[in-house]
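*Asks:* One line per chain: the protein sequences are A and B, in this order.
According to our numbering, the first sequence is numbered sequentially starting from 1.
According to our numbering, the second sequence is numbered sequentially starting from 1001.
I should point out that these hints are in silico values taken from the structure, not numbers from a laboratory.
Among the hints, a few may not be true.
[To be verified] Below 35 Å or equal to it, Euclidean Cα-Cα: the simulated DSBU-like pairs (lysine-lysine) are:
#, chain 1, residue 1, chain 2, residue 2
1, B, Lys-1293, B, Lys-1224
2, B, Lys-1224, A, Lys-65
3, B, Lys-1168, B, Lys-1293
4, B, Lys-1148, A, Lys-5
5, A, Lys-5, B, Lys-1360
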Amino acid sequence: MTILKIPTPLRHYTDGQAEASVSGSNVAAAMRNLVEQFPALDQHLYNDGELRAFVNLFVGEDNIKDLQGLETPLGEGDMLRIIPSIAGG
Amino acid sequence: MLPGLTHEEILRYSRHLLIPEVGLEGQKKLKGSSALVIGTGGLGSAVSLYLAAAGVGRIGLVDYDVVDSTNLQRQVIHGTERIGILKVESARERMLDLNPGIEVEIYNEPFTSENAMHIAQNYDILIDGTDNFPTRYLTNDVCVFLGKPNVYGSIFRFDGQASVFYAKEGPCYRCLFPEPPPPGLVPSCAEGGVLGVLPGTIGTIQATEALKVLLGIGSPLIGKLLLYNALDMSFDFVKLKKNPKCRVCGPDADIKELIDYEEFCGVPGHDGDEGSAGADWDITAPELSERMKNNHLKLLDVREPHELQISSFPDVVNIPLGTLAARLSELDSAEEMVLVCKSGTRSARALELLVTAGFKKVKNLKGGINAWAQDVDKSLPIY
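Generate the whole structure from the sequences, applying the supplied hints.
*Replies:* What follows is the structure, encoded as structure tokens:
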């Protein structure tokens, strides 16, 4: 299982939960599992089955774009994080 | 050639002069340096106060707004007596009271593609304290084009982010966020709220980073993003790398000059609290009041349930905007319906959603329940 950190703007769709345990051997599978657990997230994260371009995912400290993208493998205890675009000032 | 310090200044800055990393030389550097703070709101309050106190010799402030009572829960540079006056003037007055030895230059105008390069070129560093995506992309691009560091901070409810985007030495804002989220997905602070102390926490981090960059000391947040959560009291860092496909700082960049950022982001260049769905779909509070005298009108309130405790119509159906798409089956598209929220922004989005789903007899209460409280039922509070 991977711990997935959910940013505040999306907690509205996860019954307020700040973290979720997700299963899947890579980032793509873990994200699909997240959406299965919280279907309301689907429209915010995916567009026609594709992860939306503005969704930034990090495994540990690294952007998956600097690893193997959605194919980045996940091991037990890895931390997956969605980094939100926020604009308040 | 660095400016000298007067005896008065040596006394004022003595706690800085005692730190070897700053010292006399560093304090002179600060006196000879300049910073442009974009936005004199929550982040801008903290940044501007501390940069002024620290003795940054010339500080520019850009904002076009006036102080309003809803600002004062977090914008501590202003004050109750300054409600209604220009934010840049209010801020300058407080900064010069704190430190009369600095210069504060004010720009009472929005930061736009037309004026941004001209204003920014005269400063060593830019501080992003804006409240909207278009101005954040604009500030980034200006910094990339002028080769200046962009000290970034951003907040929402309990979450804060900070970084130093400096394309000469690391990634820029667009490397991390190549494109903005779709309009409406991320609520603004005016809609979603923000813990008042949060911009203080993030703004003081921005001020710290700005001073480090100006002094050339320590390890600034270049290539690192700070993620702060006030509820968990967590400070996490992630690594940021230059994006080789970055459209503004990458090797094949195709954006070479400032663009129309409102068009790029699909939202206005200010903290959206517009409250209108367009003339065809809006109903004003007085019009609604008239209509309600004659007919029964169904009111659909799309705010969060806790907001209805602040002010509410007596007989409403409450379906928060975030759950509306999943609960359309609870509504009858043949029934006339007026959509309500705080100020008309979320209800305008709800209206769009309903119209797309085939609803035709829907209207948006322009200005929301706040407009109703202002124009019709003065017993209700405005928030």
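*Asks:* With reference to the structure, classify each hint as holding or not holding.
*Replies:* Now for the hints, and whether the structure bears them out:
{"no.": "1", "hint": "Lys-1293/B with Lys-1224/B", "verdict": "59 Å, violated"}
{"no.": "2", "hint": "Lys-1224/B with Lys-65/A", "verdict": "15 Å, holds"}
{"no.": "3", "hint": "Lys-1168/B with Lys-1293/B", "verdict": "64 Å, violated"}
{"no.": "4", "hint": "Lys-1148/B with Lys-5/A", "verdict": "33 Å, holds"}
{"no.": "5", "hint": "Lys-5/A with Lys-1360/B", "verdict": "40 Å, violated"}
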